[in-house]
Structure formats: C-alpha cells, structure tokens
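Asker: Sequence:
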Amino acid sequence: MLAAEELSLGILAGGRASRLGGRDKAWIERDGVPQVLRIAHRFSDECGAVLVSANRDLPRHARHGLQALMDRRPDLGPLGGLDALAAACTTPWLFTLPVDIIDADITLPRMLAQAGGQGAVARDDDGLQPLVALYRLDALRAALASALADGEYSVRAMQAVLALPVVAFAGLRFGNINTPDDLAAAGCAPE
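Take the sequence shown: its position 177, counted from the start at 1, is 177 in the numbering used here, and no numbers get skipped.
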C-alpha cells in the first residue's frame, strides 16, 4: 500500500468541454460543490499533494488552494495534461482522475496500487477508463517523453507501452459529465 506522502493526485481538467458549450467542468457543481473541489477533498487523506491540469482560470484554482497547471504543449488532449502533471509531480507515484468523473470511489488508488509494477489502469462496467490510472512517476515521464517525441498522443497507446495491468471494478460505473443529459442525470447545477 502506498503512503499518502508517496502519492500525488492529478486531476485532468484541461479539456475544452465542447459538448457542454465550453463550460468549465472543474467548476460544475453537484450538491453545491464544484467537481474539482469534490475530487480534491475526497482523496485528500489518500494523496499527499493535489495537482490540477487546467488550461484556464488558474487564479480561481489557487484561491481554493489548488496547484493548477497549464499544458506545457497545447492541443494534445489528455496526454498534454498528463505531461503537465508529470512534470510538476514531486512524489514517486501519480494517481489521475478526470474532473468529470461522477463516482470516484475512495479505494481507487489502493486497488490500483495492488496491481504492482509501473502502475495500473481502471476498467469499470462501461469499459477501460484510461484517465483513471496510477503511474510510477519515473516510468510515466519516460513513456511521455517517448510518446511526445514520436508524435503519439494517445493515452491508451502510452499505457500499452508501459504494459499497465487493468484492474476491473465490477459492478461500478464511474460515469462522466460530457453532455447536458449527463449534467441532468448527475444532478449538476445548471449554468
């Protein structure tokens, strides 16, 4: 099991949210709590540090005590966010979650850590969830450098190079907030 001081939480919140008209998913509220804060607080005891890949409104994150980072290389999608998180991470392990996840079980980092090796990636009842993952930082940085040098921007392809084992979370659906229907189903506040 990983100690909290060995693990950073990296929240991927740098997307454009085009299916939501550009609405910043980090600040979408569920039960009065913005998504980014809900995730950060949920894992605060499990992770020694919280980093947020966010390509807008960094001062707003800072006002809430979050270290937000711009992508070092723009327009690469989630791989660009992972690159920013890995560059800023100071712990040996990085646990990542997308900011639009609905059901982020507190046991996620522990369950992924049990797979051993360079980390692991989660699969729920909807299939592989490549942004729900645990990485050994040195291996992640090497894989990112190689992927970026090769112009390969797929998170799944990078994870395949790392040979990350897949940990199944049977009976669980993490869900996400991508569309107005998703917002309504998750009980999110309208804009």
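Some clues are possibly wrong.
Claimed, not checked - DEER-style ranges, computed between Cβ atoms:
no., residue 1, residue 2, range
1, V161, A87, 14 to 24 angstroms
2, S154, D31, 32 to 42 angstroms
3, P59, A170, 39 to 49 angstroms
4, R30, D150, 37 to 47 angstroms
5, T90, D57, 16 to 26 angstroms
No wet-lab data here; the hints were simulated from the structure. For glycine and all other residues, C-beta sits at the position ideal for the given N, C-alpha and C.
Asker: Are there hints from earlier that the structure breaks, and if so, what are their numbers?
Answerer: Of the numbered hints, all hold.
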